[in-house]
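Student: Below are the chains, spelled out letter by letter.
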Amino acid sequence: MSIFIDKSTRLLVQGITGRDGSFHTKQMIEYGTQVVGGVTPGKGGQKFEDKVPIFNTVAEAVKKTGANTTVIYVPPPFAADAMMEAADAGIPFIVCITEGVPVLDMTRVYPYVKERGSRLLGPNCPGLISPGQSKVGIIPGRICTPGNVGLVSRSGTLTYEVVFQMTRAKIGQTTCVGIGGDPINGTNFIDCLDAFEKDAATKAVVMIGEIGGTDEQEAARFVREKMKKPVVGFIAGQTAPPGRRMGHAGAIISGSAGTAAEKMQAFEENGVGVAKRPIDVVDLLKRAMR
Amino acid sequence: MSIFIDKSTRLLVQGITGRDGSFHTKQMIEYGTQVVGGVTPGKGGQKFEDKVPIFNTVAEAVKKTGANTTVIYVPPPFAADAMMEAADAGIPFIVCITEGVPVLDMTRVYPYVKERGSRLLGPNCPGLISPGQSKVGIIPGRICTPGNVGLVSRSGTLTYEVVFQMTRAKIGQTTCVGIGGDPINGTNFIDCLDAFEKDAATKAVVMIGEIGGTDEQEAARFVREKMKKPVVGFIAGQTAPPGRRMGHAGAIISGSAGTAAEKMQAFEENGVGVAKRPIDVVDLLKRAMR
Amino acid sequence: MNIHEYQAKDIFRKYGIPIPPGEVATTPDEAQAIARKFGTTVVIKAQVHAGGRGKAGGVKLAKTPEEARNVAAQILKLVIKGLPVQKVLVTPAADIASEAYVGIIVDRASKRSVFMASPAGGIDIEEVAAKTPDKILRHAVDPRYGLQMFEAMQLAFFLYSDIKQVRAAAKILQQLYKAFSENGGSLAEINPLVTTPAGEIAALDAKMVIDDNELDRRPDIAALRDESAEEESEVEARKANLTFIKLDGNVGCVVNGAGLAMATMDLVKYYGGEPANFLDIGGSSNPEKVVAALRIITSDKNVKAILFNIFGGITRTDDVANGIVTAIKQNPLKVPLVIRLTGTNEEIALEILKKSGLSAMTDMDEAVKKAVALATGGKAK
Amino acid sequence: MNIHEYQAKDIFRKYGIPIPPGEVATTPDEAQAIARKFGTTVVIKAQVHAGGRGKAGGVKLAKTPEEARNVAAQILKLVIKGLPVQKVLVTPAADIASEAYVGIIVDRASKRSVFMASPAGGIDIEEVAAKTPDKILRHAVDPRYGLQMFEAMQLAFFLYSDIKQVRAAAKILQQLYKAFSENGGSLAEINPLVTTPAGEIAALDAKMVIDDNELDRRPDIAALRDESAEEESEVEARKANLTFIKLDGNVGCVVNGAGLAMATMDLVKYYGGEPANFLDIGGSSNPEKVVAALRIITSDKNVKAILFNIFGGITRTDDVANGIVTAIKQNPLKVPLVIRLTGTNEEIALEILKKSGLSAMTDMDEAVKKAVALATGGKAK
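Chains as they are written, first to last, in my numbering: chain A, 1 to 290; chain B, 1 to 290; chain C, 1 to 381; chain D, 1 to 381.
Calculated lysine-lysine pairs in the BS3-like style (CA-CA distance at most 27 Å, straight line): (1) 171/D with 178/C; (2) 178/C with 178/D; (3) 114/B with 178/D; (4) 14/C with 14/D; (5) 64/B with 164/D; (6) 171/C with 43/A; (7) 43/B with 135/D; (8) 51/A with 7/A.
Think of the hints as simulated: they come from the structure by calculation, not from any bench. This structure is a prediction, so every number in the text was calculated from the model and none was measured.
Next up, chain A with everything else stripped away, as it sits in the complex (with noise of 0.2 Å):
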């Protein structure tokens, strides 16, 4: 049907009353998630839109709605033991769309998720959706549809822009994943092939990468070894000059590493199909498809 959020996820929003927050959720609800309860210390006891019970804590939270999800939006400098209190109080799904997270604390929050047996997508990355089912983050609803496709990503509005073109030619979704432009980020590319390996819904996927690490080229070896379905991808960034982070802070070329050329060579060389422009990824899957 879907990977990792469904009809049954039931949502916590971490930083529900703040700006981007509140707006956030009310999409979330509007979209049709069970968003079963906020956090906001010092506002427990309240009601967000008089619907969504707001506790004090993430374990006080749990307790009493029983959440298996948690979507973050608080600000950067809390965001790590945002992530910390939710893997803490046993949360199987961790969403962290906060942009701006110092990275020296990824590398403690990284094996913290990690002895607590819990998944976290991002920080720095637009969440998930599964179209029809549910939406966890900030990915625009209405430019999805349900159907056969996975997608993953490290960016957002890139994103959309392949999901929009993907939407406008029939092409639907199981679940469009954005992971995030972080350097040390939780989900990443091979956990979502796999996933989508796994899901019975899935047909095909879309792996969208850009310049910075390895992952791509990982990813790409993990196609040709663990994966029966077809794989198309695009990779953002061949005209970044190296040593210039472009805006995501994993998005930079070190030394000759990390390159798109580098990575569009890793498809290829692994039966991934390369898309030159974004637009080209719908002719692709319909290919990859017939």
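Use these hints to put chains B, C and D onto chain A, whose structure you have.
Tutor: Relative to the frame of chain A, chains B, C and D by itself:
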């Protein structure tokens, strides 16, 4: 045959060139322990007593000697680092003799060693001896004799006293283990009892405890619930005043908890024979093994 | 090692924990001058390494500088649990709206540092634990990560409901954890942590115990030791590298090893005597240690007999014998001496003792029985 | 954020890393005075955020104060990789017996901070990695425990064999780790770490890069930013909360989102143009940001056409439209403008643009093609 160490033990000595390290290394070699290497940073390449190769790091020593056990004699400020180095080098059994290791150091060493899957004995312990097979630490070899009784103790010289009485009474030992007198240490009573229960050669066990904490009480419950072999015990510190640390950092009665009376009662309630005097251990053993 | 309230407060203050001002006086005049400077009602608190200061009359209010002088004079005459009060802390009296307890100790069961927080502050936490255990929230800190803000908040929400107070308390808890772990604490405690009528939070009392094993690498903390506040004999023992604890009995004990020392004391009691002390000469027994041990024990007038119980492993019994002979030459004993020696270099030791007209036994039970008989002037039980 | 060598040295010095003295000069006179004070041969080093200073003539010896003056004058005139040298560091020349490299970076693969150590110091570590990879020892630090002494010793044994030097280097590595992690580093490097003929170890050069995301909570570190050493347009962009990187092309790009911005640049290239910049206006696009973006882009004389590519999600396209209209009113454009807008409030945006005589497209490919054609004065490929 024995627990934790036997003829196949290949021992490394950390701090082999120090005063205590060199003295006891000679004793261990004399007793027949296979000392395969030593570690003293800066003395790598030299030999101890013209025989035992010395290395700069534990990692190197393990690689070159295939050591499977290490014993640590380094001064207290470096002991935590030495234990961690041994665990990181993959040594499965680490014995730390050093007395005076700060307890906050141990709060960090404990999870570190555990994560790497090693067993730690100590710190602040006399080590262990499997009479006639191998001796790791400082227990005098001549007071022991091979036999079929296992002994585990929080103390040093009190252990010698009891072992000495046993040997005089012709009751030999499979292994004598000193787990040490610190509040946080590695191997505890239950670990040893469990190992003795599983060791075919051991027919009965002596457990020597002291005031402080609840390890003896939990060990007593373990005896009742999990053990078939007879266990007899002695508790030191019946006359100790509360709130004072009786030499060992762990030998302290906090409030009303950890008294000798409480521990002796736990022994009695769980079928562990209670010796009133150290010498009574011998009679209790004889009766238990009849 | 115990440190005084004012010393713990100095440490906590460095970590940004809000603590009202306060100064130490060693004379009534100084106390008066400090009270005058503060210009308000002051609290005068005995600085002594003992609990229950309040009940013992060691904590009192003074409304005027003159009263402060009188109160300080009274308190500086007190002896609390055997320890004479040498210093008082003078601090402005505070208006208190609520009292809470926060503390951290190293917990042997979880092998971690454990926080305790209770809204029932101002009284002994053991009492709270016994009578109303649900009023204490415990939290073990993962030493690999430290106390996270969310954990501090969970503890703070147990104490307060006002979010400003919760945040202030959470910050205090994080700083307390830092103060504790960066200074080698085995206990750090604020009792009471108060709120003022204006809603501010402050630490009115502070307690800290340092792990003795940390002192070598923390000379600044080791320098806080106040020897005038400790038992004289214990100070002397520490300087001689002996572990010594004074008790009230009549049989002085000199033993190698803590476990054997306790077992020896127990056996003294078993045979009807009372141990006068715990004394562990440790593993590497040079003769000087033995000399110091005998000097300390013989200075206790209650001691009617002295018992050596030495099981030579690392300890060389000849070293001990030499120490005994030297000590007796320097200061002939006025009470009987029983020596039990066995183990490393036993034969040499016996020879040394024999030359000085002394003898030794090899059996622990027999030796203890004899010492008890000599101390009680009768037979052992 | 890059900081200068002298700033990194100041930080490292605070952590007890041995660093020879040195002072900063902004004029030849100052350099002369400093050289006179040191009274020995000095090294004068350009303080500029660019590698390869030595090859560019930015590092030179001076034997006398007068020579120091002349050398400083030369260096202060240099422009290295586009950045004018505004400051030099004057430091006594050292006798060097050996040169090693030690550095630490955050490694995305292991998700940890990773040390690198090499006995082949003094040259670019990437060169060592490429040519003699066995001369580099890497070690990932477990962030839960920090760099243990034994780990530091293992790295140090890779550099030195003399135990005194090993211990000194191990201590430097531990302190470097502290400096790195306590100041929010994403890179910290000592190259070279030298030994003197007398066997002492010292850090002759120092480099540190700070994670931009750390600056908000570290005002003292943020204050180290030297805006005079950065591209003017990038400074302005940062102040407007834009992410901007200047490039050499002719199509100015304004995009929301980093990935889409890169993809837009790539598409410009695909159709035969060259992007003049990377510019991400971010998620919450208020009109002022758009105004600032246009101001920055139009100040680049190479720009022959401007392309907006906005996919409205959180970004409200009407905000962007308002920004465009305002900016053009303030400063009429001298180059053609192509706008692509779609998503949130698209209809309102189109209405706003229409009122000001502007129009917008909805297809990204078409818009890019058009912008390239306008910039190149021909047709897109």
